[in-house]
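Protein chains in written order, with the working numbering: chain B, 1 to 317; chain W, 1001 to 1571.
Quick caveat, the hints were computed from the structure, so don't treat them as lab data.
On a predicted model such as this, the values are computed, not experimentally measured, just so you know.
Please note: incorrect hints may appear among the correct ones.
Said to hold, decoys possible - In silico contact screen, one side only, chain W against chain B (beta carbon under 10 Å); selected entries:
hint: 1; residue: THR1312
hint: 2; residue: ILE1353
hint: 3; residue: HIS1550
Unchecked claim - Estimated spans, in silico, between C-beta atoms of each pair:
hint: 4; chain 1: B; residue 1: ARG25; chain 2: W; residue 2: GLN1223; range: 51 to 59 Å
hint: 5; chain 1: W; residue 1: ASP1113; chain 2: B; residue 2: ASP257; range: 54 to 62 Å
hint: 6; chain 1: W; residue 1: SER1212; chain 2: B; residue 2: LYS170; range: 52 to 60 Å
hint: 7; chain 1: W; residue 1: GLU1419; chain 2: B; residue 2: GLY287; range: 22 to 30 Å
Note that CB positions come from ideal geometry on N, CA and C, so glycine has one too.
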Amino acid sequence: MNAIQQSLSERDLALAQIQLEEYLRNDDTDADTHLLAAQTARRNDDFPTADRHLARYRDLNGDKESIELERLLRRSQLGDLNGATAAIQFCIRNPDNPIVPLMLEAHTRGYLAGGQPKLAKNAADVWLKRNPTGGERAYALFLRGRSHEYRGEIPDALTNYRESLTANPKLRECTLALADVLVRESPQDALPLFEQLQASAYQPTEVMLGLARCYRQLGELERAAKLLATLETEQPANVAVLVESAKLALDQRRPADAEPRLKRAISLVPKHRDANVQLARCLRDLGRDAEAAEQLATAQRIDDSLFREPPPPEKKP
Amino acid sequence: MIRTRYLALGIAILIAGGIAIALRVPRAAPLPAPDTSGPDYFEDVTATTGIAFAYRNGEEANLTTILESLGGGVAAFDYDGDGKIDLFFPGGGSLDGKEIRGKPSKLFRNLGDGKFRDVSVETGIAVGPSFYTHGVAVADYDRDGFTDLLVTGWNRVCLFHNEANPTGGRRFVDVTARAGLNDTRWATSAAFGDLDGDGFPDLYICYYVNWSFENDPKCTDTQNTPDVCPPQKFQPLQHRLYRNNGDGTFQDRTIPSKLRPDGKGLGAVIVDVNADGKPDIYIANDGGDNFLYLNRGGFTFDEVGKIAGVATDDNGLYNGSMGVDAADYDGTGRPALWVTNFQGEVPALYRNIDGNRFQHLSQAAGIGRIGRPFVGFGTSFTDFDHDGWEDIFIANGHVLLRPAGSTYRQRPILLRNEEHEGRRQFRELAGKGGSYFRSEHVGRGLAVADLDNDGWLDAIITHQNDPVIVLRNVAPRGHHWLKLALHGKNHRDIIGTTLTLEVNGRKLTRFVKGGGSYLSANDPRIDFGLGTSDRIGRLSIAWAYGVVQHFEDMNIDREYTIHEGEELLHH
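Just chain B, with the same shape it has in the complex (with noise of 0.2 Å):
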């Protein structure tokens, strides 16, 4: 069990998963055990597991309480807030409560999950101002620092995830973060970060992804190129990388090579800015003058719409 806490408290959730998956098949009747396990698959995003080891604790006469409030969390860290106000007052108000913790993270996230860095910078705050330690203040400031980057306060989310990574270089999903931020402002300072995370097989796709950008952006177009080779052959209906590999063809001046796969981007995702913008670019240079100047004017429709809506409800950090 203490390496399991070890685990959690590094966040480490996927090899704390592991374990505590090895520790209850040697003791399946462990209540809390399948609630810790329940909470930190949810945690993950591994909802199937987080659903079987909810189900066992019921079976286990787990206290329904504990039950309700785990759903309500897994509710809240989606997006849906439907009560989220109240559960911050608690938060503020029993700041000593053990459940606090898990309360808000699941609310921060949710709130970046519903597009409301703000709300989400908020929780965080409150959050920060129990003066957590080790992996849970890591992961305080690396959501601080989601909130301020979808804010555009990129020195700030900067700042943040500096600081996180500081209190737990282990915390991967921060590195990334800090890389995807770093590979167009200063690619030079990302390479080493999506290095490293490929070292640790952290989410190969996106990390390669990362590397062919930061590649295209040093005008290694040729490395680019290779790791985008791969990925296309793995993921060839992944739009992100249908539409960086167009970017690389029109840069190395092969847009006949970018025109299908931007359309392709586009048959998945019709109103995906970027690839529209860049068939844009890759008719213009395919010397189609009419049709760049029609998908042009799409590319505006777009960018207009982008601007008059509100912001739809965003991945989960």
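Following the hints, position chain W against chain B.
This is chain W only, laid out in the frame that chain B set:
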């Protein structure tokens, strides 16, 4: 100097596409120190030149107005016809309560021994109209054989006619009112060029925003400390295009030429981008699309920036653009366009595909390697090592006193044109540029000029409230060069002329340009780096609105004066 919109759109993109591509992402850490290894390419010789001058922006009033952010330029031109490049500096100004005052501009005469002498008083520059100045453009607007000066600034411009001084030498006389250049708004960069083929240089003037003390919102940084407002707080001012009537006056052709009304203009270059013999106009705007006006003849223009691919960056986003230049950096024979931009944006290199379409290729050309903490202003394509490939010089410096994620003072950048992965790319020389490049400045204007007539291009940089710096080119001398001073027939303007030189199997192409850089004017002579080749092939000059002239049997490491339609003159 765009800020707010860029952030918002970046977030929108992030949300829509899940791809962090367009965020302005300043660095929290100090700017990285450059590598200091390798030979110097430029030596700071300011102290020995006798040029002691600093542009003043009025910061001592602590008003943090946007007026103070632009700075001043420099013009490198031979005002007295002695074959040596002289230097003119707008003086800037001061803010006293609600009053905006001008500081004297300066003209330094090149004495030829590495020394300059302040001739502002004897040439009349010192007694010209006093106003808060920024930029300078040069041309022989009346075709009398001597280069005249246009000075821009807040709420006016001043056209100085270069004429014989009754007491000897030359003098500059304010002819602004007589010329009809009476616009009383905030003028920044300007560029001359003969746009209709009548031989007289016409004039494009960029105007910025509708700031005044009556429209002076207060802005703060993230720590709630007063700082300069972004241009988004203001409305753009209509730029002006003037036709030279050939009689010393100009006619405002802004409306019939269908100039766009929405640019916050800071940079202008006039160059023939599509090889039709007629010079075109490219404008860098701060926080809006950049403009490309293709010259259709008869003083008519089509603004094609968007469809040509030079209005925005590779993400379809407009940038905060300041400085501009144009050159054939990759041996295509066509001028690529180059733009310096705000923090969080990459300087834009637009490769010229066919004269009508361009590709934003900054990343492919390795420009992205420098990162995005910089705010770039004065800039120039310059083959400073004479290897036959155009390199790039950028003067950097922030506009915000306390910028989030960056610094007010920034190092300048030299980018060397090299081949990597089979294509032309740029790599920062870092410390190899010399001591100036190892320190941080608030750079603004930049001009390149062969000040000592040794064939190698030197550089002059202006700064906010800090002294002008003169850099002598001391690049390793293993390469050869050819320099050309071109003169149109009967002193006609030759902006838009294209030169092609055959060297060792390559064709080097150079362009006669109007404007360029930021608020500044370069040495008008054409510079060819020849690499290690000790033989020169045929030189072809496609004169703007004229015929193509060919020259053979030229020698290396020489300057030639070429008069349109005439044989070579050997110096």
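Hint-by-hint comparison with the structure:
1. A least Cβ separation of about 9 Å between W:THR1312 and chain B falls short of the 10 Å threshold, and the interface hint therefore holds.
2. About 7 Å separates the beta-carbon of W:ILE1353 from the nearest beta-carbon of chain B, less than 10 Å, and the hint is met.
3. With its C-beta approaching chain B no nearer than about 32 Å, W:HIS1550 sits outside the 10 Å limit, and its interface hint is violated.
4. For the hinted restraint 51 to 59 Å between B:ARG25 and W:GLN1223, the CB-CB distance of approximately 55 Å keeps it satisfied.
5. Checked against the hint of 54 to 62 Å, the C-beta distance between W:ASP1113 and B:ASP257 comes to roughly 59 Å, which is consistent with it.
6. About 56 Å separates the C-beta atoms of W:SER1212 and B:LYS170, a value consistent with the hinted range of 52 to 60 Å.
7. The hinted range of 22 to 30 Å is satisfied by W:GLU1419 and B:GLY287, whose Cβ atoms lie roughly 27 Å apart.
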